[in-house]
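Let's have the full structure, built from the sequences with the hints guiding it.
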Amino acid sequence: MEYIVEVSDLWWRYSPETDWVLRGVNLRIREGESVALLGPTGAGKTTLLLTLQAILPHAFPNGTMKGEVIVDGANVKTTTSSKLAGRVGLVFEDAESQFIFPTVDDDLRFTLQNLGIPPEEAERRLSVILKQFGLEGLTGRTAGELSGGQKQRVAIAGLLAAQPKILLLDEPTAELDPLGKSEVMTFVKKMKDETGTTLLIVEQDIEDIVTLVDRMLLMVEGKIIMEGTPREFLMHGEELHRLGVCVPEIADIFKPYVEKGIIDMMPLTVDEGIELLKRRV
Amino acid sequence: MGYTWYTAKKTYLHRASPLTKIAIVSMMWFLAFIFQSPLWNALELFTVIGVIITARVPFTRFLTYIKIIVPVMLIFLLLFAVLIRGGEILLDIGVIKVTTGGISAGIIGSSRLGTLFFSTIGILLATTREIDIVKGLAKLKLPATAAFLFMMSMRFVTLSMADLQTIREARRSRALPERENTIQFIRNLISIVIPLFIVTIRRIQTASNALEVKGFPPQKHNVYWLRGRLTIGEISWVAGCVAFTAIMLGLRLGLGWFT
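Chains L and R, in that order, are what the protein sequence lines are.
For what it's worth, our numbering labels the leading residue of the first sequence as 1, then goes sequentially.
For what it's worth, our numbering labels the leading residue of the second sequence as 282, then goes sequentially.
Just so you know, the hints here were simulated from the structure itself, not pulled from any lab data.
Some hints here could point you the wrong way.
Unchecked claim - Stretch-level coverage of chain R by chain L, calculated; a stretch enters the list once three of its residues show a Cβ under 8 Å from a Cβ in chain L:
1. 284 to 298
2. 405 to 413
3. 478 to 489
Unchecked claim - Below, a list of computed lysine to aspartate or glutamate pairs in the DMTMM-like style, where the Cα atoms sit at most 25 Å apart:
4. LYS416/R <-> GLU121/L
5. LYS416/R <-> GLU120/L
6. LYS291/R <-> ASP106/L
7. LYS416/R <-> ASP106/L
8. LYS181/L <-> ASP444/R
9. LYS291/R <-> GLU145/L
10. LYS290/R <-> ASP105/L
11. LYS290/R <-> ASP106/L
12. LYS189/L <-> GLU232/L
13. LYS348/R <-> GLU145/L
14. LYS416/R <-> GLU123/L
15. LYS416/R <-> GLU96/L
16. LYS290/R <-> GLU136/L
17. LYS291/R <-> ASP105/L
18. LYS290/R <-> GLU145/L
19. LYS416/R <-> ASP105/L
20. LYS189/L <-> GLU2/L
21. LYS422/R <-> ASP106/L
22. LYS223/L <-> ASP19/L
Don't be surprised by glycine CBs; every beta carbon is placed ideally from N, CA and C.
Take a look at the structure:
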């Protein structure tokens, strides 16, 4: 399987006077893979996503970039974000500010219109996406009439209609209440299962994404210092907690059972843990 | 507080082409500065308000802004009346002298301000969807980026007002006084202006990134949705507004009318 994202020894700073935000990042993502990027605030996660979308280095002419970033065959140094649109989609933490037009319909159409998708095809794609993800009821509404979760779902749907190969989600649930969080994560799971789009999601809370991703990366002070499956990550609960990553309690509960060989693997959910224990009994 | 100026209704202003409304509003702006007479400027302001009322554009939608603009108009009226002197003295209290010239200048200044505000908001923004404004501006061959800049600027006014409301509520919940004396009021303003500034900068940054992520600016061959053909009606309205403005300008400069 080919790598759709290849980052080699990436260094970035916003100006010559500031410190390096990214310090030698290496990252490879296969097509169709789902990866979570974890880390404390200020680790450089959002900066890395902005680089993958080719917003950096172009938005900061005073910034310094070293290393190479290839996304879907395009070098971000020589392409622009608007040229990558349609192939790569980025959803920001602030759901509201990414609405270019105040109404859901106009905003959903905007990406397709910019990509030159003919109107009939754009309408067809939108109606499929709206139906597939249960968003039909939101058409005709303005951003102010939507909840935080609905806004994020609309933002993701608008990008999905462009059929991107990679979807980058920057803490999409950070500003949401538990209900909004659950809405968005269910939506992302459905999207991943039904479209097979490559996914890179930035989060600070492992619990929300533990069953969603294939691989996890831990970023601290501009470097990726840990990589592994969600089960492997849950075995390092204390260390992650110390670094500002929220780890579910299930990790603390089941770690001794795994270490003592009572169960063979770290469960990802409470149900799975109970099932493993039942099997053992 | 709305996230858009637009209110869906079926009025003649809503049905009118965006380009026609842009032409009318532009004409109103020019006329507001061509006129230099309390009678003509006030007449223009009342015409604009009359158009909005007959079209049944809901004033309540932008009541928050009216609450700001009307006091500012009154301040204009008072300041001009006190500071500008000329003609007959109507009131003389020590250093304060109110003259007919000052009152005229006050009416002209506040009417101009009112005309600019009510024509832009009431005739154009409250009756036209943002995307249609962009299309209308694009029909005038304005570059897509410039048309979007206008639309986004208008949107940021409403978003900033919503943010301002949130900040004021946050201040109240922290028992901060809204205002006491003038010094206290100015000092309190800092705790409104700084968060508002930070929130707005953040919004601009995200919106600018979101625009690029959504493929803006479109490649030249992709702008089909911004390309629109001018209709005969639109051409007539634009030509009519330009001609009318030119005639009024000619009458003002050549014959000294409207002063």
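Hint-by-hint comparison with the structure:
1. 284 to 298: Check passed, 3 qualifying residues.
2. 405 to 413: n = 3 at 8 Å, threshold three: holds.
3. 478 to 489: holds (count 5)
4. LYS416/R <-> GLU121/L: 20 Å, holds
5. LYS416/R <-> GLU120/L: 19 Å, holds
6. LYS291/R <-> ASP106/L: It holds: about 19 Å lies between the C-alpha atoms, which stays within 25 Å.
7. LYS416/R <-> ASP106/L: 12 Å, holds
8. LYS181/L <-> ASP444/R: With a Cα-Cα distance of about 23 Å, the restraint between LYS181/L and ASP444/R holds, given a limit of 25 Å.
9. LYS291/R <-> GLU145/L: Answer holds: LYS291/R to GLU145/L is near 21 Å, not above 25 Å.
10. LYS290/R <-> ASP105/L: 17 Å, holds
11. LYS290/R <-> ASP106/L: 17 Å, holds
12. LYS189/L <-> GLU232/L: Holds, at about 21 Å.
13. LYS348/R <-> GLU145/L: With a Cα-Cα distance of about 24 Å, the restraint between LYS348/R and GLU145/L holds, given a limit of 25 Å.
14. LYS416/R <-> GLU123/L: This hinted pair holds, its Cα atoms lying about 19 Å apart.
15. LYS416/R <-> GLU96/L: 23 Å, holds
16. LYS290/R <-> GLU136/L: Distance of about 22 Å is within 25 Å: holds.
17. LYS291/R <-> ASP105/L: Status holds; Cα separation ~19 Å.
18. LYS290/R <-> GLU145/L: Satisfied, since the Cα-Cα distance of roughly 18 Å is no more than 25 Å.
19. LYS416/R <-> ASP105/L: Distance of about 16 Å is within 25 Å: holds.
20. LYS189/L <-> GLU2/L: 23 Å, holds
21. LYS422/R <-> ASP106/L: 21 Å, holds
22. LYS223/L <-> ASP19/L: 13 Å, holds
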